[in-house]
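Enquirer: Here are the chains, one letter per residue:
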Amino acid sequence: MSQLANFINAKQPLTSQPLAMTHVIYGYPSIEASLEWMQALLEMGVETLEVQFPFSDPVADGPSIVQACHKALESEPKIQQCLTDLGRLGRDYPNSKILLMSYLNPVYRFGITKLVKEAAEQGLTGLILPDLPIEHAAEYQDACVEHNLDAIWLITPNMPTERIKQIATQATGMLYCVSRSGVTGQKSSLQTEFDLAAYLAEIRQHTDVPLAVGFGIRSPQQVAELTGLADIAIVGSALLDAHNQGGIATGKAMVANLFPQLA
Amino acid sequence: MKSENGFYGQYGGSYIPEILYSSQQQILTTFEEAKNDPSFVAELHKQWQQYSGRPTPLTHCENLTQHLGGAQVYLKREDLNHSGAHKMNNVIGQGLLVKRMGKKRVIAETGAGQHGIATALVASRLGLECTIYMGAKDVARQYPNVFWMRQLGATVVPVKTGSQTLRDALDEALRDWSSSYEDSHYLIGTACGCAPFPEMVTYFQSVIGQEVQRQSLAQFDQLPDRLYACVGGGSNALGLFTPFLEDKEVEMVGVEAAGRGMDMGDHSIRLSHNLGQAGIAQGFASVFLQDDQGQLQETHSIAAGLDYVGVSPIVAHLAETQRVRMSYANDEEVLAACSLLLQKEGIIPALESSHALAVAFKEAADMRPDQHIVINLSGRGDKDIFNVAKAFDDKEFAPFLEEYLKNYHEQDTVQDLSESLSQETHA
Chain W
1 MSQLANFINA KQPLTSQPLA MTHVIYGYPS IEASLEWMQA LLEMGVETLE
51 VQFPFSDPVA DGPSIVQACH KALESEPKIQ QCLTDLGRLG RDYPNSKILL
101 MSYLNPVYRF GITKLVKEAA EQGLTGLILP DLPIEHAAEY QDACVEHNLD
151 AIWLITPNMP TERIKQIATQ ATGMLYCVSR SGVTGQKSSL QTEFDLAAYL
201 AEIRQHTDVP LAVGFGIRSP QQVAELTGLA DIAIVGSALL DAHNQGGIAT
251 GKAMVANLFP QLA
Chain V
1001 MKSENGFYGQ YGGSYIPEIL YSSQQQILTT FEEAKNDPSF VAELHKQWQQ
1051 YSGRPTPLTH CENLTQHLGG AQVYLKREDL NHSGAHKMNN VIGQGLLVKR
1101 MGKKRVIAET GAGQHGIATA LVASRLGLEC TIYMGAKDVA RQYPNVFWMR
1151 QLGATVVPVK TGSQTLRDAL DEALRDWSSS YEDSHYLIGT ACGCAPFPEM
1201 VTYFQSVIGQ EVQRQSLAQF DQLPDRLYAC VGGGSNALGL FTPFLEDKEV
1251 EMVGVEAAGR GMDMGDHSIR LSHNLGQAGI AQGFASVFLQ DDQGQLQETH
1301 SIAAGLDYVG VSPIVAHLAE TQRVRMSYAN DEEVLAACSL LLQKEGIIPA
1351 LESSHALAVA FKEAADMRPD QHIVINLSGR GDKDIFNVAK AFDDKEFAPF
1401 LEEYLKNYHE QDTVQDLSES LSQETHA
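From first to last, the protein sequence lines are chains W and V. If you're matching positions, the first sequence starts at 1 in this note's numbering and goes up one per residue. If you're matching positions, the second sequence starts at 1001 in this note's numbering and goes up one per residue.
Just so you know, not all the hints are guaranteed correct.
[Stated by the list, open to error] Subject to a maximum C-alpha distance of 20 Å in a straight line, what follows is the list of computed DMTMM-like cross-link-like pairs (lysine to aspartate or glutamate):
1. Lys78(W) to Asp1292(V)
2. Lys71(W) to Asp1291(V)
3. Lys71(W) to Glu1129(V)
4. Lys1395(V) to Glu1363(V)
5. Lys114(W) to Glu1129(V)
6. Lys1390(V) to Glu1298(V)
7. Lys1160(V) to Asp241(W)
8. Lys114(W) to Glu146(W)
9. Lys71(W) to Asp1292(V)
10. Lys114(W) to Glu1298(V)
11. Lys78(W) to Glu1129(V)
12. Lys1160(V) to Glu74(W)
Keep in mind that the hints were calculated from the coordinates and are not lab data.
In isolation and in its complexed conformation, chain V is listed as follows (with noise of 0.2 Å):
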């Protein structure tokens, strides 16, 4: 979607510290001359394909179809993506623009780990410098891939501050841009921040709606009656929806985290309900979750990924225009729906995309066995086993993990012995 000098409606802009200003604008008229620069848009395409997979498959799901009795249930799978999410069809375009630019070290926030995972696969990949910045709580949360992280070469700064979640790891990111522009890329992960990135970010991200254009035609000759997907920046939801904006006969619904209930702090429902208010933050203007002093407050989601306290401006003037409907599924519905991809289909869905799910299958049984809805399956579910494995209230999950990690230590003490043995036979 075009923006308006960085405007879409009344939310977007660039509202970043003055230091930023060159930066930025350097990053625009990058972006700018890229995109219209065919060996740029092949360069990428290659990419995309040799190392991310791509295309991704658009997989009709007949079980479900059959057990909810309406729409026919496609699924579109980003989970299939290298490093498991759509994170990555915008980590290769921006590492792509980096090289362009010249500069020698990537930053990046992460929420969950998967933006910072994708980062630092491409960094290790172009040969750059990696620092990711991880509120502390989801670094204890997610500590898998801080691991991954860390093995890749990146360097992960746990970032204490206010709530310590995606929004202080974001506000820590834009600090480390301000001494480091001169060298440093801020790689932003989703479809927020100054402009250009919600442009951008959108650019790089729309692959996944025009292969679901040509698939669904390809498929079942039609273009799909309903999108659908999760929105917590709200890269995959405008990766999907963005290439159908035009056609207006495709309707568009975007899910918001529930999470535990209604209360400010419970969830992270910016759009729906007016529980968020617009306001201008971390670089951008959009819809916010805020007190009555414009003070920004804290989220909640089982999916990490979701539980961010702005969104995209772009996702907000659709919002507004009404061109997308938002909806939202709390916790436990969001289980149900993991659960039952699991057993009718033999997908592992990420949390963050059984949002989408959730909603998608309450609402596929009241549709037509004609009509066709896609739901964006983002990413994969295997990092959420800890999490999935304590909802699910496995028995013999805490034991594994109470063996494991005796066995854990126990190897240590004969791996230390076996080092020390063969150093003192070298010696």
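One chain only, chain W, in its complex shape (with noise of 0.2 Å):
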């Protein structure tokens, strides 16, 4: 069984409020200043922690996270040097989970099963390719069950039932469930018309994994909307923005509000 399907079930969180899956660019104003953030986050108990190493052309992603990535990679980001840091961070704060997220580009030239070993080897629980389709993922699902580490996917709303049923039986650890069409960072996520709700019923016919929901999640009222429905709620260009604002204080704060659990 997934060790990060486990941590989440035991927290219970269908019952309670949903877990926090926050989002941190590595590199981003600085190497030593994202891992100050990192810490931060932890520190506060987040549950588990989403690192995305940067990349020069993250097309999934709106304006907010493409401009810290850029930034990001003016301080010349080793992805080597980042499952360093990882590491150190994971085993000081043994009570969270962190996840790395990349596009596919630097994990191509890095090595996809060298990533998953090493990535492994340093205690992180998932990963997450937005960029690779599951069709062309043989070798990187071997090094995952080899390597006792979740490849995480990604569920999206209009996905056909057959796709959702191919992509949710294969699914360990949880599954992100995006909320909306479009790239990150965009405003209106849980939109009226959207059944959200029904969209996560589905989602559950084919899969016991935990559910992360996000995409856009910027209020509490938003996280509790995921009360009883989702396992996680992902916020990602929301803290962003509120860390370029003002810093890891308006960072904290913010998380804090979000999830009362952590406050």
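Build the complex: two chains, separate frames, hints provided.
Expert: So this is what it looks like as structure tokens:
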């Protein structure tokens, strides 16, 4: 059984409130500062920390994250060092789980099997590769099984049932359920015309892995509305915007506001 | 060239955000159906002929042939397409697919603006909404094209992220498509992107090579010995080469932009000298200019249409299997070739196409007079007037612009005056 799924299920988030998944970009605004920011979040007790290794052409991301990634690249981050840094953080904060997110090209250059192996050795629990479709992922999936690391797949609105089934039945650790079309950071996530409950219920029919919901979450109401529907609420661009506005203090205040269990 | 599930050797595939899966599948299905539908093919040929002026001629350059003293030099005149470049072949084809899918809007990326103009032209003719993404640096370099796109009713969005060039425009177009896929089609301008775009764009461009096959048999009784084409994304090269792939005696040469030097950032050579490496970005696996961490790098060419960081997966595969020989020409050689064509043949070539001319002229001299080469003149050079005038160090061009600007503002005042006068009269 997946470490990540066990960890999430043990906290019974469906009966209380969604756990936090906070997103941070490695190297933004500098490597040192991004590690301090991650440490501050872990210190607050965020259950899961999603760390994005920056890429020059992040096509699934909106303006906030794109600009931060380009800024982060100025300090020439190395994926090897990133793994080492995250490993150290993970050992310092064993009550949280760290996930690595990256676009495919930096991972491909590093070696996909090598990345899975070394990420597992550093105690990371999952990987998110938003531009790797499941039909091209055999090597990656084999490596994940071998090293007991979860390959986290995305489910999107308007996905044909067959495709949901295809992905959900291969899911381990958690599923990243995108709550609207478009890229990260756009407004209005849980819009009225989109029946989020029905969307999540359909996904549940095909899997019992924890469900994380993301894209556009900005308010405590949005997180609260997920209670009983999803296990995890993902906050990315909104947190980056808060951090940009007032640094670590403002970022922490936002997390405390969104997730009462961490306040 | 047929793919294996979207792959050409190790290149190609479909590496896009999951949200685009259904749209990509819809394009796959529609394209498969359309190319097997005789009425679609008939409409395509009708539009190519009646709107774009196909077939384009194969022009024998007798003066140049004599001057170079080697092979017979022929030009495939894609510059004579409506819009002045081969880009039109593909846009007409995809435009018909958009109608077939019932979508109302097209999105496109453009570098120099040629694909943007072609897209805006066809969108206007088909009654489609049109949004063009263009790097902010390219908008500044190629404003006349932006002007025409807007006059044609397109929305032109300058992209200010990253290197502010073609590759950033492509990223931004993909982002738009991620939120607009239900009613929008992403009309990619070159044989790149996720499957089936490389295959589909090549299919629509192959009309170039098919015509060359017929024309060479009619004009010199045999197939050409060598074909030359410049390679940015790769669509004009694949258009010329693809119908000849099985004719092993026909040699094919792709020409990349060597820019102003061999340091990273000064050229767009991806395939020669192992300057680029295999990678996966912008929806497909191919060869990209990148650093050791897999970050895509900046590029340069005097021809905006060639400074792309990646290359078609089909060209990458044909180069790797040595079916296509890759070469390159630098900015200076390109200007010299452009100048030679102007003087010897009375044809104004685009700077992109002049890359193919540069290498072909160099090699033609070493060939026999009974051999024939065909160079794809992918576009006309009118658009390059500012760059070429500067590069040729034309003494009167800058004073002309200054004078024009002065008069332009004065005319403005006159026009404002006459407008306000006429309004007063109406009142």
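Enquirer: For every hint, state whether the structure bears it out.
Expert: How the hints compare with the structure:
1. Lys78(W) to Asp1292(V): 9 Å, holds
2. Lys71(W) to Asp1291(V): 17 Å, holds
3. Lys71(W) to Glu1129(V): 34 Å, violated
4. Lys1395(V) to Glu1363(V): 33 Å, violated
5. Lys114(W) to Glu1129(V): 46 Å, violated
6. Lys1390(V) to Glu1298(V): 23 Å, violated
7. Lys1160(V) to Asp241(W): With a Cα-Cα distance of about 19 Å, the restraint between lysine 1160(V) and aspartate 241(W) holds, given a limit of 20 Å.
8. Lys114(W) to Glu146(W): 12 Å, holds
9. Lys71(W) to Asp1292(V): 18 Å, holds
10. Lys114(W) to Glu1298(V): Violated, at about 28 Å.
11. Lys78(W) to Glu1129(V): Not OK: lysine 78(W) and glutamate 1129(V) at ~43 Å, beyond 20 Å, violated.
12. Lys1160(V) to Glu74(W): Given that 20 Å is the threshold and the Cα spacing comes to 17 Å, the pair holds.
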